[in-house]
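> So you can see what is in the structure, the chains are spelled out below.
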Amino acid sequence: MSAFSAIGDEREVDRDEFTPGIEPQATWCPGCGDFGVLKALKQAMPEVGRNPDEVALFTGIGCSGKLNSYFNSYGFHTIHGRSLPVARAAKLANPDVEVIAAGGDGDGYGIGGNHFMHTARENHDMTYIVFNNEIFGLTKGQTSPTSPKGHKSKTQPSGSAKSPIRPLSLALTSGATYVARTAAVNPNQAKEIIAEAIEHDGFAHVDFLTQCPTWNKDAKHYVPYTDIQQSDDHDFDTSNREEAQQMMFETENKLYEGEVLTGRYYVDDESPSYQEEKQATGEMPEEPLAERYFDEDYEWERTADSLLEHHK
Amino acid sequence: MPEDLNWAIGGEAGDGINSTGKIFAQALSRAGRHVFTSKDFASRIRGGYTAYKVRTAVDRVESVVDRLDVLIALTERTIDENMNELHEGSVIIYDGERTTMQNVEIPEEMIGLEVPLKRLAEEAGGAIMANVVALGAACEVTGFPIENLDESLEKRFGDKGEAIVENNKKAARAGQEFVQAEYDHDYGYSLETTDNDYVLLNGDEAIGMGAIAAGCRFYSGYPITPATDVMEYMTGRVDQFGGKVVQAEDELAAINMALGAARAGARAMTATSGPGIDLMTETFGLVATTETPLVICDVMRSGPSTGMPTKQEQGDLNMALYGGHGEIPRFVVTPTNISECFWKTVEAFNLAEKYQTPVFLVSDLALAVTEQTFAPETFDMDEVEIERGKVVDEDDIDSWQNEKEQFQPHFPAADGVSPRTFPGTSGGAHMTTGLEHDALGRRTEDTEVREDQVEKRERKVETAREREDWDYREFGDPDADTLVVSWGSNEGAMREGLEMLAEDGLDVRFISVPYIFPRPDLSEEIEAAEQTIVVECNATGQFADVIEHDVLERVDRVNKYDGVRFKADELAEEIKDAVAEETEVSA
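Chains as they are written, first to last, in the numbering used here: chain A, 1 to 312; chain E, 313 to 899.
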């Protein structure tokens with residue numbers, strides 16, 4: 001029997017199971033978009049049929065990092081910018097665990113930008129949710145990597161001279177195989193997109209617009225929004241890289257012009273995940289390596305025996 | 313001192329120096345001789361001088377000496393670089409037909425052997441075998457039966473086909489026969505062979521092998537000299553046992569990946585050198601406060617900054633002891649020789665899992681690039697024990713839940729050690745965080761809980777201090793007035809230095825310390841000695857500082873920071889000087 005009996009448990013899962021027994025007083029501000037991510041995530045879990053004991057949620061630093069406190073699972077609140085390497089290695093150690101990483105735009109596109117690029121490139125089978133509020137919220141309103149050019153803050157009194165990061169384009173260019181944007185103000189779409197992202201076999205990136213009513217009043221709560229899949233104005237094929245690229249470019253520009261476009265941008269079901277590639281070359285075991293430790297017949301110490309021959 | 317031969321091949325980087333040297337070292341090892349190798353890399357003069365040096369004897373050899381008996385010089389510069397080690401009667405083999413070697417002048421007291429390496433190689437089948445011709449010549453000079461070379465050649469070239477192997481054997485014999493026919497010196501060497509069975513490996517390989525034996529099944533790293541060999545060794549080997557090696561985008565990712573794999577249930581490790589440790593420092597505190605077992609290996613090289621990447625230094629001790637903000641419970645383990653690289657790695661994994669802390673396994677370049685022979689029993693896998701500590705599965709998870717059936721990953725147990733469970737275990741869902749947290753892993757700033765958690769983490773160190781052996785290794789005369797203390801790779805040179813000192817009438821007690829934190833209490837030993845000398849490869853005496861702090865007494869220091877490891881004869885002189893100085897002061 002597997003040491004990890006929670007995995008593959010076919011029972012019905014209720015979203016309330018993801019509410020921790022003692023729910024701490026939520027410390028997000030009233031009206032914060034982060035509540036929307038929490039809600040969408042909890043709603044998505046019964047849909048994908050995963051229970052709290054088989055989900056690992058890794059967060060970074062920022063308001064978004066509090067997600068672990070309100071979401072019951074194997075939670076690991078890491079340090080600033082590093083949730084992705086921690087998360088993807090957990091997936092490698094036990095691919096049967098549902099691995100989700102989450103963090104803010106500063107955490108994921110700024111300090112952790114390199115990891116974002118490389119995790120996408122490796123196409124690990126996991127989900128990455130970025131709480132994008134175009135601001136540093138927890139440190140009280142400084143300019144972030146997604147703040148628009150000209151953004152004024154205490155750290156950029158004359159306005160930011162930097163062009164904002166293009167999160168969707170960056171994900172695509174880097175190698176993500178599922179790229180979507182949703183918004184806290186659109187809970188149904190958010191739930192669906194998160195469920196799809198979790199079920200996608202590869203690196204799924206969800207840029208989640210989370211309004212910050214306290215420090216980023218300019219963002220106007222991301223309303224009205226347009227779901228590009230529902231709109232006749234935006235006809236493109238999400239499996240076509242070039243069309244997706246164009247749609248992303250347009251979406252990223254429009255955001256700063258006040259038009260909020262959301263939806264699925266790129267879905268590549270063909271490319272193998274990192275795990276699949278490595279299993280095909282025999283560099284990764286079929287059996288989760290975390291499982292091996294519970295195999296009582298396995299003679300660990302003998303494994304190096306054969307290695308000695310090589311040194312003769 | 314053992315009856316030893318010091319042999320080297322040197323030339324330009326890219327001349328196949330390493331692989332040729334390794335063939336010779338392997339042949340000696342297979343012939344039942346002990347071997348201790350070292351490498352010279354370019355630094356003093358521009359260009360790419362590199363050399364592979366082999367010291368061999370029937371008895372064990374533990375270090376290098378400042379003496380070179382037989383040198384294969386592929387460039388003129390190789391001779392210049394080694395002039396201080398060459399001596400009366402040293403043999404220099406070189407190809408006088410090469411245009412670049414026309415002006416070579418061999419000092420009168422040495423023996424120069426002009427061997428047309430390239431021409432003989434061409435005759436045997438290809439110029440590429442010139443180095444093998446030189447090996448054949450060296451066999452003749454050293455009286456080493458050339459048949460011993462054959463197996464090494466087979467091992468090195470076997471996958472290239474039988475014809476290539478045969479050509480190489482022919483090339484070696486051409487070199488041997490040329491020297492036989494053209495020269496009539498009595499070189500004075502006759503390398504005896506024995507029936508002993510040895511394995512030949514370097515410190516990085518020993519760490520990799522130790523990790524695999526210890527059940528490490530996840531390694532993440534980023535290439536860096538001189539730690540890359542650990543990663544390359546594990547690659548392709550650990551996968552055979554269901555493990556995984558990953559090359560990360562940087563050292564930040566490398567350590568965080570190892571951490572993630574450990575959280576998911578794997579025994580995990582990362583290895584790097586100074587510049588990589590700088591980046592990894594960020595994560596030390598996270599590992600410690602989330603109480604995740606992790607082995608972090610630092611194969612030290614010369615710093616600061618990029619420093620001298622291919623040169624020796626033991627400059628990262630303070631980093632290992634104190635790196636990271638806040639107060640981080642940890643262990644610092646420092647193997648003192650190559651076989652200990654294996655055993656201390658095994659131990660590091662057990663310490664990490666039993667106490668759920670980061671363990672720093674601090675090795676150095678001298679250990680990493682040296683290949684040494686050992687009896688295979690040195691690595692008796694039956695002696696390896698894997699202790700995973702308080703890992704809880706679903707059957708005993710109840711006993712670690714609170715009254716609300718919540719698992720308590722940071723339960724402040726009496727011994728400080730909390731239970732640990734992995735994602736996928738029913739009833740074990742919990743969170744943890746780099747923020748201060750309570751027993752449930754939830755962030756808190758409550759003063760009492762904070763104190764509880766700080767104390768429980770410190771309590772683990774105290775528990776380990778009591779439960780584990782933090783011994784030192786001892787050599788020389790236990791009653792001697794002079795006490796020498798060192799850590800890391802200096803052990804070999806000092807052990808041999810002891811014999812030289814004893815011959816000169818100076819008895820020394822030598823303590824070699826493999827644990828820096830927690831470490832053995834040396835107060836009694838220092839009290840008993842007239843003089844204590846701390847030997848280390850750094851300028852400031854980082855270990856000496858720690859010892860002085862422990863015993864509240866000044867110690868003398870022998871430091872070396874030119875980028876080259878201590879050599880036995882050199883170290884013996886340094887100790888003699890330090891003793892003489894002390895005697896002068898006392899008088």
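No lab work stands behind these hints: they were computed from the structure. Don't be surprised by glycine CBs; every beta carbon is placed ideally from N, CA and C. It cannot be assumed that every hint is accurate.
[What the hints assert, rightly or not] List of simulated lysine-lysine pairs, DSSO-like, C-alpha gap at most 30 Å:
hint, chain 1, residue 1, chain 2, residue 2
1, E, K716, A, K312
2, A, K312, E, K666
3, E, K334, E, K430
4, A, K140, E, K430
5, A, K217, A, K149
6, E, K888, A, K278
7, A, K217, A, K42
8, A, K39, E, K472
9, E, K430, E, K482
10, A, K140, A, K254
11, E, K666, E, K716
12, A, K162, A, K140
13, A, K312, E, K482
14, A, K154, A, K217
15, E, K716, A, K42
16, A, K140, A, K217
17, E, K888, E, K716
18, A, K140, A, K191
19, E, K482, E, K472
20, A, K140, A, K152
21, E, K430, E, K467
[Unchecked claim] A few chain A positions that, by computed beta-carbon distances, are all more than 10 Å from chain E:
hint, residue
22, H221
23, V267
24, P285
> Which hints, by number, does the structure contradict?
Those not satisfied are hints 1, 2, 4, 6, 8, 17, 24.
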